[in-house]
Amino acid sequence: MRLKRLLSIVSAVMMLGACTVFSVSADEEEESVPDFYADRSMLTTDTSAPSMSFDMTEWKNHVYITPDGSLLDLQVAQEKTYAYQGATLKITASQSKDIDDMCTYSSLIRDSDGNLVYPNSDDEDAEYLTMGVELHPGDFGLNCFDGCMITFKYRINQEAEGKLMGDSVFAFPCTDDYEKVTSTAVQLKINTTDSNNVTQYANAIISVPDKCGATKFVFEVPVIKKMEKTDVLYIDNIVISTPEQEGGVDMQVANIDGYNENAKAQEIVQGLTVAPRSNGLSSDSSSAESNSGPNVAIIIVVAVVVVGLAAVVFIFIKKRKNRFY
Numbered sequence: 018m019r020l021k022r023l024l025s026i027v028s029a030v031m032m033l034g035a036c037t038v039f040s041v042s043a044d045e046e047e048e049s050v051p052d053f054y055a056d057r058s059m060l061t062t063d064t065s066a067p068s069m070s071f072d073m074t075e076w077k078n079h080v081y082i083t084p085d086g087s088l089l090d091l092q093v094a095q096e097k098t099y100a101y102q103g104a105t106l107k108i109t110a111s112q113s114k115d116i117d118d119m120c121t122y123s124s125l126i127r128d129s130d131g132n133l134v135y136p137n138s139d140d141e142d143a144e145y146l147t148m149g150v151e152l153h154p155g156d157f158g159l160n161c162f163d164g165c166m167i168t169f170k171y172r173i174n175q176e177a178e179g180k181l182m183g184d185s186v187f188a189f190p191c192t193d194d195y196e197k198v199t200s201t202a203v204q205l206k207i208n209t210t211d212s213n214n215v216t217q218y219a220n221a222i223i224s225v226p227d228k229c230g231a232t233k234f235v236f237e238v239p240v241i242k243k244m245e246k247t248d249v250l251y252i253d254n255i256v257i258s259t260p261e262q263e264g265g266v267d268m269q270v271a272n273i274d275g276y277n278e279n280a281k282a283q284e285i286v287q288g289l290t291v292a293p294r295s296n297g298l299s300s301d302s303s304s305a306e307s308n309s310g311p312n313v314a315i316i317i318v319v320a321v322v323v324v325g326l327a328a329v330v331f332i333f334i335k336k337r338k339n340r341f342y
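Residue 18 is where the sequence shown starts when you use this note's numbering, and the numbers rise one by one after that.
Everything labelled a hint here was simulated from the structure, so no lab data went into it. Only a predicted model underlies this, so the values are computations on that prediction, with no experimental measurement involved. Keep in mind that a hint or two might mislead.
With a cut-off of at most 20 Å between alpha-carbon atoms, the simulated PhoX-like pairs for lysine-lysine come out as follows [unchecked claim]:
hint	residue 1	residue 2
1	K97	K281
2	K114	K243
3	K228	K197
Computed spacing ranges between beta-carbons, pair by pair [claimed, not checked]:
hint	residue 1	residue 2	range
4	A143	S87	18 to 24 Å
5	M73	D140	30 to 36 Å
6	S111	E196	26 to 32 Å
7	M73	G131	31 to 37 Å
8	N78	K206	45 to 51 Å
9	E278	E178	30 to 36 Å
10	T64	E144	37 to 43 Å
11	G155	S49	15 to 21 Å
For every residue, glycine included, the Cβ atom is placed at its ideal position computed from N, Cα and C.
Take these sequences, add in the hints, and give me the full structure.
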């Protein structure tokens, strides 16, 4: 009986020890994701300026190309000709060959029958490329993007259609190792009809989950088909809204790269020739304007002839009257 009791005590102690170890491990895992922190001196309740505007030159210190971006010969520059407001970030890329590698959100891509194009994309050990540009929270006075809401304006160049995975670009938060912190991402698919994002700038909104460990925010341009150097994506007016408040009012990251408040925002980019006729920006709009000149000239000539005839008739009638008086 004493032996049996002793064994029971030993077993209980071992179980207690195992539970303690498990509890410590769970606590350590939970503590591995720090609480959100923000330098409040870099926050504001004023929403008149975006967190990043790309209007000046300071933006160059806050936009980073992902390591896999070199596979695209990816480049970034400031664009003013077809900007949304003032100036815009332009992402340019070229692809020397078709690639079969999976990209970050290959799990979202399905064929016309609804089947996964990349059936192994959700495997725990799946490897994928992350080709694009990224933002770091430290530049905005944050330790992570957890709990933030990120909005921006964007436009996709239709010349990249057929070259991008799913004819889309993607925007999402991730860890330092580019691990997804959420199963969903904003998939920005080329659209020239109901939600035109080719000839005009569209809005995008991403809500980052709480306590997810988002230490990067990526704009991915997954060019998987051979493509000559092409301007793929335009981004402007990024706003980072934080979980912080002041007097009950939500706070956002104040502008960090200079903002041209006098520049007028435009919803439609004039001058593009890629717009379908149904969008009101048809490529033959210039010829329609040039044809209006001759029409006006004809109207003027007709008016002069009519006035001239009226004058002749008036003079003729007056002379006829003078003959009888």
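Evaluation of the provided hints:
A C-alpha spacing of about 12 Å is found between K97 and K281, which places the hinted pair at or below 20 Å, so the restraint holds. In summary, the hint linking K114 to K243 is supported, as the alpha carbons are separated by about 4 Å, within the 20 Å threshold. Of the pairs offered as hints, the one joining K228 and K197 holds, with about 13 Å between alpha carbons and a cut-off of 20 Å not exceeded. One distance hint, 18 to 24 Å for the beta-carbon pair A143 and S87, holds here, with the actual separation near 21 Å.
Distance hint check for M73 and D140: the Cβ-Cβ separation is about 44 Å, which falls outside the suggested range of 30 to 36 Å. With their beta carbons about 28 Å apart, S111 and E196 fall inside the hinted range of 26 to 32 Å. Our hint of 31 to 37 Å for M73 and G131 is violated, since their Cβ atoms are close to 46 Å apart. Checked against the hint of 45 to 51 Å, the C-beta distance between N78 and K206 comes to roughly 31 Å, which is inconsistent with it.
About 35 Å separates the C-beta atoms of E278 and E178, a value consistent with the hinted range of 30 to 36 Å. At about 41 Å, the CB distance of T64 to E144 agrees with the hint of 37 to 43 Å. The beta-carbon spacing between G155 and S49, approximately 18 Å, falls within the hinted interval of 15 to 21 Å.
The earlier numbered hints that this structure contradicts are 5, 7 and 8.
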